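Undergrad: One-letter residues, chain by chain:
Protein chains: 2
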Amino acid sequence: MATKQTIEEGLEFIPKFDDTGLIPAIAQDAKTGQVLMSAFINREALDLTIQTGYAVYFSRDRQKLWKKGEESGHLQKVEQILVDCDQDCLILKVTVDAGQCHVGYQSCFYRALKKDTGKELEFVAEKVYDPKEIYKK
Amino acid sequence: MATKQTIEEGLEFIPKFDDTGLIPAIAQDAKTGQVLMSAFINREALDLTIQTGYAVYFSRDRQKLWKKGEESGHLQKVEQILVDCDQDCLILKVTVDAGQCHVGYQSCFYRALKKDTGKELEFVAEKVYDPKEIYKK
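If you read the sequences in order, they're chains B and F.
So the first sequence is numbered by this note's numbering: it starts at 1 and just counts up by one.
So the second sequence is numbered by this note's numbering: it starts at 1 and just counts up by one.
So here's chain B without its partners, still in its complex pose:
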């Protein structure tokens, strides 16, 4: 088993998958720094991401591999993969076109908690596409 020193300060990539075989991955726009989404990756998805250069996640809902954009066309070209100190979280720095969230926004983080409330949200972005046009039945 790798030591804390090896994990934190070493040059070996030993991502820590959790009990269900997943590691969280944050997709961040390589150009603007905007955080686009947070999802999970398993070993197979990580290997495919590295091999193909495009982000592949594991959908917990659908329990299957999910190449981002396979349905919508909004692929994520992976420029860089970062790992954190304890190697239990990844950042994918990605190049993207407009509209990364299935709801129609560029980022999934399109709402913020209103100041001085603990319960109320406000929109902080505008839709960049109409999901009804993209996700046709």
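Bear in mind the hints are in silico, worked out from the structure with no lab data behind them.
Since the model is a prediction, treat every value here as computed from it, not as a measurement.
Just to be clear, a hint being listed does not mean it is correct.
Stated by the list, open to error - Below 30 angstroms or equal to it, Euclidean Cα-Cα: the simulated BS3-like pairs (lysine-lysine) are:
id, chain 1, residue 1, chain 2, residue 2
1, B, Lys114, F, Lys64
2, B, Lys31, F, Lys115
3, F, Lys119, F, Lys16
4, B, Lys67, F, Lys16
5, B, Lys127, B, Lys77
6, F, Lys77, B, Lys31
7, B, Lys119, F, Lys64
8, F, Lys132, F, Lys119
9, B, Lys67, B, Lys77
10, F, Lys77, F, Lys64
11, B, Lys132, B, Lys64
12, F, Lys77, F, Lys16
13, B, Lys64, F, Lys4
14, B, Lys4, F, Lys4
15, B, Lys119, F, Lys16
16, B, Lys132, B, Lys114
17, B, Lys77, F, Lys115
18, B, Lys115, F, Lys67
19, F, Lys31, B, Lys114
20, B, Lys16, F, Lys114
21, F, Lys115, B, Lys67
22, B, Lys119, F, Lys31
23, F, Lys119, B, Lys115
24, F, Lys127, F, Lys67
25, F, Lys127, F, Lys77
26, F, Lys115, B, Lys64
27, B, Lys77, B, Lys132
28, F, Lys4, B, Lys77
29, B, Lys16, F, Lys16
30, B, Lys64, B, Lys77
Based on these hints, arrange chain F on the given structure of chain B.
TA: Positioned in the frame of chain B, the structure of chain F alone reads:
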């Protein structure tokens, strides 16, 4: 139970804590956009974060509340809390001083996977402080 529509397009903040009572939270530098760390928050930590204006997480290792910087002094002043489409992940936009990672770097994401390797990391940042000076025994 809230509908998909309410969760994704509503103005009610209904963060989805997982089976262990936690929701992942990404700390992002409000000024530079740099992702600093990823951690977990439980209901109590979230309430304290909102009430105090400083980031409080829940440490899975130590199984207790963890006010970021309580030991190191590197507090995170929370400027904005964002939530994603399905309300199962948060971003804390924070104002910070130098050195957010306990290993000595500004961000926990100080290593990247080397191009054309699936196993080898390279450092992409330099230390901004000496942790031995901060975390004295």
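Undergrad: All hints, please: hold or fail.
TA: Here's how the hints hold up against the structure:
| no. | hint | verdict |
| --- | --- | --- |
| 1 | Lys114/B / Lys64/F | holds (27 angstroms) |
| 2 | Lys31/B / Lys115/F | holds (18 angstroms) |
| 3 | Lys119/F / Lys16/F | violated (34 angstroms) |
| 4 | Lys67/B / Lys16/F | holds (24 angstroms) |
| 5 | Lys127/B / Lys77/B | holds (22 angstroms) |
| 6 | Lys77/F / Lys31/B | holds (25 angstroms) |
| 7 | Lys119/B / Lys64/F | holds (24 angstroms) |
| 8 | Lys132/F / Lys119/F | holds (29 angstroms) |
| 9 | Lys67/B / Lys77/B | holds (11 angstroms) |
| 10 | Lys77/F / Lys64/F | holds (20 angstroms) |
| 11 | Lys132/B / Lys64/B | holds (24 angstroms) |
| 12 | Lys77/F / Lys16/F | holds (23 angstroms) |
| 13 | Lys64/B / Lys4/F | holds (21 angstroms) |
| 14 | Lys4/B / Lys4/F | violated (41 angstroms) |
| 15 | Lys119/B / Lys16/F | holds (13 angstroms) |
| 16 | Lys132/B / Lys114/B | holds (28 angstroms) |
| 17 | Lys77/B / Lys115/F | holds (14 angstroms) |
| 18 | Lys115/B / Lys67/F | holds (20 angstroms) |
| 19 | Lys31/F / Lys114/B | holds (19 angstroms) |
| 20 | Lys16/B / Lys114/F | holds (18 angstroms) |
| 21 | Lys115/F / Lys67/B | holds (20 angstroms) |
| 22 | Lys119/B / Lys31/F | holds (25 angstroms) |
| 23 | Lys119/F / Lys115/B | violated (44 angstroms) |
| 24 | Lys127/F / Lys67/F | holds (22 angstroms) |
| 25 | Lys127/F / Lys77/F | holds (22 angstroms) |
| 26 | Lys115/F / Lys64/B | holds (27 angstroms) |
| 27 | Lys77/B / Lys132/B | holds (24 angstroms) |
| 28 | Lys4/F / Lys77/B | holds (29 angstroms) |
| 29 | Lys16/B / Lys16/F | holds (23 angstroms) |
| 30 | Lys64/B / Lys77/B | holds (20 angstroms) |
Hint compliance for this structure: hints 3, 14, 23 are broken, all remaining hints hold.
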